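Here the protein sequences line up with chains A and B, keeping their order.
So for the first sequence, my numbering puts the first residue at 4; every next one is plus one.
So for the second sequence, my numbering puts the first residue at 5; every next one is plus one.
Just so you know, not all the hints are guaranteed correct.
Here are the computed lysine-lysine pairs in the DSS-like style, where the Cα-Cα straight-line distance is at most 30 angstroms [claimed, not checked]:
#1 B:K48 x A:K55
#2 A:K70 x A:K57
#3 B:K48 x A:K70
#4 B:K51 x A:K81
#5 B:K51 x B:K111
#6 B:K48 x A:K92
#7 A:K55 x B:K72
#8 B:K111 x B:K59
#9 A:K92 x B:K72
#10 A:K57 x B:K59
#11 B:K111 x B:K72
#12 A:K81 x B:K48
#13 A:K55 x B:K51
#14 A:K70 x A:K92
No lab work stands behind these hints, which were simulated from the structure alone.
For clarity, every value in this text was computed on a predicted model and none was experimentally measured.
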Amino acid sequence: EVQLVESGGGLVNPGGSLRLSCAASGFTFRGAWMSWVRQAPGKGLEWVGRFKSKSDGGTTDFAAPVKDRFTMSRDDSKNTLSLQMNSLKIEDTAVYYCTADVPDTAAHSFDYWGQGILVTVSS
Amino acid sequence: QSALTQPPSASGSPGQSVAISCTGTSSDVGGYNYVSWYQHRPGKAPKLIMSEVNKRPSGVPDRFSGSKSGNTASLTVSGLQAEDEADYYCCSYAGRNNLGVFGGGTKLTV
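The task is simple: from the sequences and hints, build the whole structure.
See the structure below:
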């Protein structure tokens, strides 16, 4: 059974930092393109960032609103993905989902999703 | 990248069919056959229900179908059931070094 379990969310002051983690199981993590997708209150889904598999270059891409503030890391030996969020803004308040695009399944799709974790940026 | 355009709402009675559109540009929807659709029920994780325009993942009922013409993709739900009530989002690939882009979402009421 595939599982993506997010942790690390919570309340943080504007300008603060927070680190989200995602523990993956049930699929070949090292081959997956891993992403974070968020949903702000009352809003739609927004792709935050992506970490390609090492075999596909191991590079990251970020959405314009978070570029230069957010970074991602992955540990293929531990099947974990992290999102480091710095200089947080009120508009970063959202439920953050860890997602996986797994090879040999649907191409360029979010095949699996975690349950999501809430990040609230407020003073 | 600008968000793809979806109607904010759609509705139908049980047993009817409804189509949800998703309009982008030649740089995303029109340029690639990598449009996916997600069903999102409140309090749940989004679920992939269509990939590569018209491919249904295992376990998704064949009442769901996808298509594309030019810069517009569509998700059709036939034989509507109460359980289909949810928010639906499209998403398109936008090139190897670009993040893809989501639509604004469509709330389907049955």
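Status of each hint after checking the structure:
1. Of the supplied pair hints, the one linking B:K48 and A:K55 holds, its CA atoms being roughly 26 angstroms apart against a limit of 30 angstroms.
2. With a CA separation close to 21 angstroms, the supplied pair A:K70 and A:K57 stays within the 30 angstroms bound.
3. In summary, the hint linking B:K48 to A:K70 is supported, as the alpha carbons are separated by about 28 angstroms, within the 30 angstroms threshold.
4. Our distance criterion of 30 angstroms between C-alpha atoms is met by B:K51 and A:K81, whose separation comes to about 25 angstroms.
5. Between B:K51 and B:K111 the CA atoms are separated by roughly 15 angstroms; this keeps the pair inside 30 angstroms, and the hint holds.
6. For the proposed pair B:K48 and A:K92, the alpha carbon gap of about 25 angstroms is at most 30 angstroms, so the pair holds.
7. Taking the CA atoms of A:K55 and B:K72, the gap is about 27 angstroms. The hint holds against a cut of 30 angstroms.
8. Of the pairs offered as hints, the one joining B:K111 and B:K59 holds, with about 22 angstroms between alpha carbons and a cut-off of 30 angstroms not exceeded.
9. Between A:K92 and B:K72 the CA atoms are separated by roughly 37 angstroms; this puts the pair beyond 30 angstroms, and the hint is violated.
10. With a CA separation close to 27 angstroms, the supplied pair A:K57 and B:K59 stays within the 30 angstroms bound.
11. Straight-line distance between C-alpha atoms of B:K111 and B:K72 comes to about 20 angstroms, which keeps the hinted pair within the 30 angstroms bound.
12. For the hint linking A:K81 to B:K48, the alpha-carbon distance of about 26 angstroms falls within 30 angstroms, and the restraint holds.
13. For the hint pairing A:K55 with B:K51, the CA-to-CA distance comes to about 21 angstroms; that is within 30 angstroms, so the pair holds.
14. Annotation: proposed proximity of A:K70 to A:K92 holds, straight-line Cα distance about 13 angstroms (limit 30 angstroms).
The structure shown violates just one earlier hint, number 9.
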